[in-house]
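These are the residues of each chain, in order.
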Amino acid sequence: MQPSGPTLDIVKESVGSATVLSPKGDVDMARSPIMRKAIAEALKAGSAKVVLDLSGVPYMDSSGLATLVEALQNCRKAQIALSLCALTPRVRSILEIARLNTVFAIHESRDAAIAG
Amino acid sequence: MQPSGPTLDIVKESVGSATVLSPKGDVDMARSPIMRKAIAEALKAGSAKVVLDLSGVPYMDSSGLATLVEALQNCRKAQIALSLCALTPRVRSILEIARLNTVFAIHESRDAAIAG
Amino acid sequence: MADSLAEPEIQVQILSRPELLAPVRSMVNALAQDAGLDDISACHLVLAMDEALTNIIRHGYAGSPDGRIWIRLSQLADGPGLRVEIVDRARTVDPDQFRGRDLDEIRPGGLGMHLMRSLVDRLEHAPRPEGGMRVVLEKRPAHTTAGVA
Amino acid sequence: MADSLAEPEIQVQILSRPELLAPVRSMVNALAQDAGLDDISACHLVLAMDEALTNIIRHGYAGSPDGRIWIRLSQLADGPGLRVEIVDRARTVDPDQFRGRDLDEIRPGGLGMHLMRSLVDRLEHAPRPEGGMRVVLEKRPAHTTAGVA
Ligand SMILES: Nc1ncnc2c1ncn2[C@@H]1O[C@H](COP(=O)(O)OP(=O)(O)O)[C@@H](O)[C@H]1O
Ligand SMILES: Nc1ncnc2c1ncn2[C@@H]1O[C@H](COP(=O)(O)OP(=O)(O)O)[C@@H](O)[C@H]1O
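Chains as they are written, first to last, in my numbering: chain U, 1 to 116; chain V, 1 to 116; chain R, 1 to 149; chain A, 1 to 149.
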């Protein structure tokens with residue numbers, strides 16, 4: 001067996017004092033640890049604001065949602081602003097079903113998230 | 001069992017003397033009969049030129065290729081120009097493997113196909 | 001609601017590995033759409049199945065990569081919609097012991113069971129006499145209610 | 001090249017129906033990419049499998065919708081790439097009798113066999129002692145040749 005395994009590319013950009021992370025792909029049980037690690041690194045680097053651009057995420061399961069909830073809690077502790085933006089309709093509906101849509105700061109566009 | 005079954009939406013437009021057909025979806029064993037029927041109708045309607053815009057076709061199997069070959073033969077008989085345009089990289093590579101890329105008039109863009 | 005007696009159109013056996021979830025989701029999503037589910041309903045069925053599989057991999061087989069999981073897929077007999085039946089040979093547990101957290105409680109774990117209940121029109125967990133568990137999920141399009149229990 | 005002895009990661013049983021090809025393609029495409037195939041190579045493996053399945057549905061089971069087809073999927077043991085094994089209980093034929101047309105001849109039918117040969121790194125058709133046929137397809141990424149027969 002080749003353990004090439006599942007990957008999740010995450011583009012990381014600095015815009016002013018914000019770090020923008022843009023994962024590309026499904027955030028599921030096999031891939032959410034990759035997103036978890038990328039968020040933890042952004043927090044360690046001391047950004048004032050972290051924006052998750054979810055425009056490239058067609059799907060997320062409860063392990064992805066749990067990673068977001070954990071990130072929110074860590075950001076609160078460290079007084080870092082966390083926001084989500086550009087959700088696909090599927091991921092938006094998953095956040096709604098999990099009743100997490102009111103828990104997170106969610107912006108339509110990436111620019112609004114960076115400014116907001 | 002619900003025979004809802006596979007569908008293939010095909011947008012049909014008239015541009016000058018050309019009929020442009022734009023299928024949206026895989027053209028495989030279950031769906032190529034739908035494309036075959038749409039092409040036959042365009043020929044019967046007496047267009048001078050038929051353009052197949054394949055930008056919405058991510059995949060085609062030998063039944064799709066056979067439908068294209070049959071359409072070309074019918075067009076030649078009826079002295080109607082047939083061309084393909086806007087192939088996705090996958091479908092382009094499938095036509096190449098089948099050595100049909102030199103048999104058809106293939107244009108990069110839809111405008112070039114209509115003009116050409 | 002009586003179970004459909006027709007042979008499932010597709011049956012899949014996978015090993016209990018997280019990296020196999022994405023390929024299975026792709027297939028079930030395509031099937032769900034062919035069965036008449038709208039895009040969001042298909043996504044919700046796929047998510048419910050994914051949560052059931054994740055639980056079997058994580059809790060049932062305790063992370064071992066060589067457990068077997070069987071997934072049977074069939075269109076509903078009495079209207080548009082898809083049925084997913086999942087069978088394992090993992091730990092047999094009393095489904096009443098499955099504890100999910102309340103959706104209003106905001107913490108990382110325990111979301112799966114509650115999500116599953118909110119996502120589909122029918123959800124059943126039962127121990128199998130032969131050992132292991134059986135989960136049945138059914139989903140109809142958002143606008144139909146025909147046959148929903 | 002010796003066959004991998006590891007248990008296939010995914011095994012699928014489908015009924016011989018053209019509308020089930022798209023869902024199976026979705027799954028195998030995702031698996032092929034996870035197995036290290038580039039997008040075009042994954043597409044070529046998927047097309048070769050599709051042609052084999054189409055032939056079984058059309059010629060093997062002569063269009064009957066209730067034939068069974070088994071598909072076993074496993075990563076190659078000696079490098080990136082995917083192996084697809086397809087087994088049926090349909091007509092047993094001598095593979096030498098399969099007649100495809102030459103790719104230079106331009107007519108609608110008979111493309112399938114020639115495409116299959118051009119698309120994959122390994123292709124085998126054989127009758128099964130138990131009845132029916134067995135097809136094996138293997139595909140590696142475009143840039144590797146390791147282990148290609
Ligand atoms: N297939 C299963 N086998 C054994 N226990 C299970 C299974 N599915 C769920 N459980 C139990 O139910 C609990 C709640 O599951 P869930 O809501 O998905 O949350 P999580 O998996 O995050 O703990 C699990 O922690 C586990 O104890
Ligand atoms: N699984 C099969 N069972 C029986 N005959 C087959 C099978 N696959 C292929 N054949 C035979 O080989 C011929 C060539 O197949 P192919 O190149 O795919 O073209 P086509 O299916 O368009 O005829 C078929 O016409 C059929 O006679």
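I should point out that these hints are in silico values taken from the structure, not numbers from a laboratory. For clarity, every value in this text was computed on a predicted model and none was experimentally measured. Where hints are given, some of them may not hold.
Said to hold, decoys possible - Below, computed lysine to aspartate or glutamate pairings styled on EDC-like, alpha-carbon distance capped at 20 Å: (1) U:Lys77 - R:Glu19; (2) V:Lys37 - A:Asp38; (3) V:Lys37 - V:Glu70; (4) V:Lys24 - V:Asp9; (5) V:Lys24 - R:Asp38; (6) V:Lys77 - A:Glu105; (7) V:Lys24 - A:Glu19; (8) V:Lys49 - V:Glu13; (9) U:Lys12 - U:Glu96; (10) V:Lys77 - V:Glu41; (11) V:Lys77 - V:Glu108; (12) U:Lys24 - R:Glu19; (13) U:Lys24 - U:Asp111; (14) U:Lys49 - U:Asp111; (15) U:Lys24 - A:Asp78; (16) V:Lys24 - R:Asp39; (17) U:Lys24 - A:Asp39; (18) U:Lys77 - U:Glu96; (19) U:Lys44 - U:Glu13; (20) U:Lys37 - R:Glu19; (21) V:Lys44 - V:Glu108; (22) U:Lys24 - U:Glu13; (23) V:Lys49 - V:Glu96.
Against the structure shown, which of the earlier numbered hints fail to hold, in ascending order? 1, 2, 9, 11, 15, 18, 21, 23
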